Every structure is written in C-alpha cells, then in structure tokens.
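Novice: Residues per chain, in single letters:
2 protein chains.
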Amino acid sequence: MSKDELRLLDFWASPFCMRVKIALSEKGVAYASQEEDLFGGKSDVLLKSNPIYEKVPVLLDNGKPIVESNNIVYYIDDKYPSPNPLLPSCAYGRPVHIFEGGMGIWKSKGEELEIAKKDFIEILKKLEGAMGDKDYFGGDNFGYVDVIAIAMTSWFHAYEVFGDFKVEQECPKFGCWMKRCLKRESVSSVLPDPEKIYQCVIMLRKMHGIE
Amino acid sequence: MSKDELRLLDFWASPFCMRVKIALSEKGVAYASQEEDLFGGKSDVLLKSNPIYEKVPVLLDNGKPIVESNNIVYYIDDKYPSPNPLLPSCAYGRPVHIFEGGMGIWKSKGEELEIAKKDFIEILKKLEGAMGDKDYFGGDNFGYVDVIAIAMTSWFHAYEVFGDFKVEQECPKFGCWMKRCLKRESVSSVLPDPEKIYQCVIMLRKMHGIE
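The listed protein sequences correspond, in order, to chains A and B. Here the UniProt record's numbering is used: the first residue of the first sequence is 1, the next is one more, and so on. Here the UniProt record's numbering is used: the first residue of the second sequence is 1, the next is one more, and so on.
No lab work stands behind these hints: they were computed from the structure. Certain hints may be false.
Pairs count within a copy or across copies, as identical chains cannot be separated in the list.
With a Cα cut of at most 25 Å, we get these calculated DSS-like pairs of lysine-lysine [unchecked claim]:
(1) Lys79 x Lys55
(2) Lys166 x Lys48
(3) Lys173 x Lys118
(4) Lys183 x Lys55
(5) Lys48 x Lys64
(6) Lys134 x Lys27
(7) Lys179 x Lys118
(8) Lys134 x Lys55
(9) Lys125 x Lys55
(10) Lys109 x Lys173
(11) Lys64 x Lys42
(12) Lys183 x Lys48
(13) Lys118 x Lys64
(14) Lys27 x Lys179
(15) Lys55 x Lys206
(16) Lys109 x Lys134
(17) Lys55 x Lys196
(18) Lys125 x Lys107
(19) Lys64 x Lys125
(20) Lys196 x Lys64
(21) Lys42 x Lys206
Predicted, not measured: the structure shown is a model, and the values here were computed from it.
Chain A extracted, bound-state conformation (with noise of 0.2 Å):
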C-alpha cells in the first residue's frame, strides 16, 4: 500500500488521534501524517475536510474525508477487517456490505444478476456465522450491531423479488435472527412497508435506465 492512499491530520497530544493511529497499528497499515499546528494556523485541508468542526483527526483515504474519531476507528476496522478485529462479533462481513451487496442486485439483470445474488447470500452467510450461536450480534441482548444490520433488511423484499430467491430459504438463521429483531417495537414501528421499498426501488431502476 502506497503511503499516499492513506493521510492522517494529526495532533501529537490529541488521545482522540491517538485512537486512529492504535487503530492503524493494530492493522498493520502504512498511513502519512500530517502534524495540525491547532494554536496557529489549521491547514487548508483541515478547513476543507471537517468544515464543521475544523478538528483532528481526520482520515483522508484517497482524498475522501472521514472524521471523528469512533467513526474513523469503525471505519479502519470495517475496511480492514484483519488481522485483530477490533469488534468481533461482526469480524467477517459487515452489515455495511448488506448494502453494496444488494445494490448489486437491484442495479444488474441477467447473468450479471445471478453474480450479485451470489456475493449478497454469501454476506449474509459469513454475518450468520460471526451471530454463532447466540441470539443477537450483541450477544444474549439486541445491541449496536444488530441496530445496524437490521435496517438494512428493509429493502431485502425488493432484492428477493428481482433476485427471484428467500432469504429465510438461503440462510435459515439470518431470517430467524430477522423475525427475532422484528418482534421488537422499536425495529417493527420503523421499518417501512417492504412493498413500498420495493416501488421506491422499481423507480431507482428507472431512473439508473435498468430494464
């Protein structure tokens, strides 16, 4: 990895990007580091990357800006996903890929359909594997990882339609897990209509001049 794709704006005393950097290293990933001189003048490429706060860190991967620091330590471990996991339930397929996976799906027809459907199944099938044997992400309880993967099954109706297969059929575990989260008032009482995802969805191919 080029030292360039990876750019830290950094602050020697800042604990807050001394956690990007304990991230990085636990990876073992080469970044640069731009040192903020925060009591004179911030650089350029702070102001422009964090134009709300106009504070360190901030991630720079080939250019695209990401801040705040929980948020940067997620995302570092979300791209890298090895070695040392830093949050392990969800080591091997993230719920932030559910999301790619399916917009594989809905963006595609014919073989190239049939590729995508494949890749989304085998998410699902790695996210059931890190759950093992509990009930939730989180353990015995509904947690911060469940929050997250939930919400993406919203449109899951929409990939099952297009995709022509069931994901409950595909991965027995992951639909149970999805009917366990669906009990609670919280999921059940914001989750939209799936039929209405998948109109919503039939308009997105429209207009991405699929079909």
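Here the structure of chain A is known, so what remains is to put chain B in place on it, guided by the hints.
Specialist: Only chain B this time, still in chain A's reference frame:
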C-alpha cells in the same frame, strides 16, 4: 424532553436513517423528523449540517449536527446509556467521559479540583465495573472500546500530578488493564511521553488563566 431538542434529517426509504430511528426508539427518546426531498431539493439545514456529503441522516442535537449513521447510533447510546444499552461492555461510564472528567481536573484548582477528582475516579470505577472479570473491554481480546479508552490514558500522568492521586491506587483493576494494553506494540508506539503531555497541560492551564 422537548421535541425541538433532537431533530433528524430523515428519508423514509433510507436504511441508514432507520438505524438512527431504531436507536432513538430503543431509548424511548422523542425527536422531530424532517423528511428531506433527496430527488428534488435538499433543505438548507442539510446542506449546512453535512456540507461534505450532503447526506441523510443528520441528527441535530440542539442545533449541533452529528453525521453518519454508525456514529449517530454510537452518539445516541452514549448520551442515553439506558434503557437498552447497545454497546453493553461499556454501558455505564463510557470512555468518552474520561476526557471530559480529566478536563475537570486540569481546568480547576482548590475545592473545585477535589470535586473533579472524585468525579473522575467515579468514571474509572464504573468502567472497571463494566469490564467485569475480563482482560479487555472487548472480552478476551483487545477491541474497539479498548482502543477508544486507552488513548485517553495518555493524559493520566498530568491529571495525577494536578490532582495529587494515583489511578493505580484508586482503581487497581483499571491500572492492570492499562499495563496490559501498554504491552501492545500498537499502544506503546503511539502514546506519547506522559511528561510531554504534562508540559502541554501546564501550557494549556496558562492559556486558560488557571493559577
């Protein structure tokens, strides 16, 4: 809580917005939702709150914008630890409060400092409790919460000098965890010399007109 305090820049079909709504619902927190017209025109408040990505969700907490769904869920869980903690290993006394607690120490003197010191030790004791009998906040392995928390300890020497106390004596279990983490190359190579931080804090105290 007044509905005006929390405002969500929302889009009904976005699973990223659903994450935030599920988390708010888990906490039983009231909020106002502002539906954005992503295909027509985005609101000024969205463009202003998230100028880089111009993306929903944005959570406005009394006007202060929090961006990116993972980050917002973390923020909500930190601000409202109960009911239903989402990141259970640090449900009570989140690492973020270490820095705020420490600031109470170095920004004060006299009686005020004594109160700040007690508060700070209380925060560490709660964190100890959250760790239970595990080696790390992440369980058997160094994980996300460990990264977030250990970075904060780089300022402890300064707190100890100004507060005239020793973390290791007050919170021996927390002290053991610190030593365990410091054995990791990723941590020891990143944390700066405590004496340098102490000098930095002396300068900060002068800048703030303390002593």
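Novice: Indicate, hint by hint, whether the structure satisfies it.
Specialist: Status of each hint after checking the structure:
Taking identical chains as interchangeable, the C-alpha atoms of Lys79 and Lys55 lie at most 25 Å apart whether they share a chain (23 Å) or sit on different chains (21 Å). Proximity of Lys166 to Lys48 under the C-alpha cut-off of 25 Å is found in neither arrangement, the shortest distances being 45 Å within a copy and 41 Å between copies. Taking identical chains as interchangeable, the C-alpha atoms of Lys173 and Lys118 lie at most 25 Å apart only when both belong to the same chain, with a minimum of 17 Å there against 48 Å between chains. For the identical chains of this complex, Lys183 and Lys55 are neighbours neither inside a copy (41 Å) nor across copies (30 Å), given an alpha-carbon limit of 25 Å.
When the C-alpha separation of Lys48 and Lys64 is checked against a cutoff of 25 Å, the pair qualifies both within a copy, at 11 Å, and between copies, at 19 Å. In this assembly of identical chains, the alpha carbons of Lys134 and Lys27 lie at most 25 Å apart only when taken from different copies (23 Å versus 27 Å within one copy). In this homomeric assembly, Lys179 and Lys118 come within 25 Å of each other (Cα to Cα) only inside a single copy, at 23 Å, whereas the closest approach across copies is 46 Å. Taking CA atoms no more than 25 Å apart as the test, Lys134 paired with Lys55 passes in neither setting, with 39 Å inside one copy and 34 Å between copies.
Taking the shortest alpha-carbon separations for Lys125 and Lys55, neither the intra-copy value of 39 Å nor the inter-copy value of 30 Å comes in at or below 25 Å. Within a single copy, Lys109 and Lys173 get their C-alpha atoms no closer than 28 Å, and across copies no closer than 57 Å, so neither meets the 25 Å cut-off. Within a single copy, Lys64 and Lys42 get their C-alpha atoms as close as 18 Å, and across copies as close as 22 Å, so both meet the 25 Å cut-off. Taking the shortest Cα distances, Lys183 and Lys48 never come within 25 Å of each other, neither inside one copy (44 Å) nor across copies (37 Å).
Proximity of Lys118 to Lys64 under the C-alpha cut-off of 25 Å is found in neither arrangement, the shortest distances being 30 Å within a copy and 42 Å between copies. Taking the shortest alpha-carbon separations for Lys27 and Lys179, only the inter-copy value of 21 Å comes in at or below 25 Å, while the best intra-copy value is 35 Å. In this assembly of identical chains, Lys55 and Lys206 lie within 25 Å of each other by CA distance solely across copies; the values are 22 Å between and 41 Å within a copy. For the homomeric pair Lys109 and Lys134, neither the shortest alpha-carbon distance inside one copy (36 Å) nor that between copies (49 Å) is at most 25 Å.
Proximity of Lys55 and Lys196 under a CA criterion of 25 Å is satisfied inter-copy only: 21 Å between copies versus 40 Å inside one chain copy. Proximity of Lys125 to Lys107 under the C-alpha cut-off of 25 Å is restricted to the intra-copy arrangement: shortest distance 22 Å within a copy versus 51 Å between copies. For the homomeric pair Lys64 and Lys125, neither the shortest alpha-carbon distance inside one copy (30 Å) nor that between copies (39 Å) is at most 25 Å. When the C-alpha separation of Lys196 and Lys64 is checked against a cutoff of 25 Å, the pair qualifies neither within a copy, at 33 Å, nor between copies, at 32 Å.
Taking the closest pair of Cα atoms, Lys42 and Lys206 come within 25 Å of each other only across two copies (22 Å); inside a single copy the shortest separation is 45 Å, beyond that limit.
Hint compliance for this structure: hints 2, 4, 8, 9, 10, 12, 13, 16, 19 and 20 are broken, all remaining hints hold.
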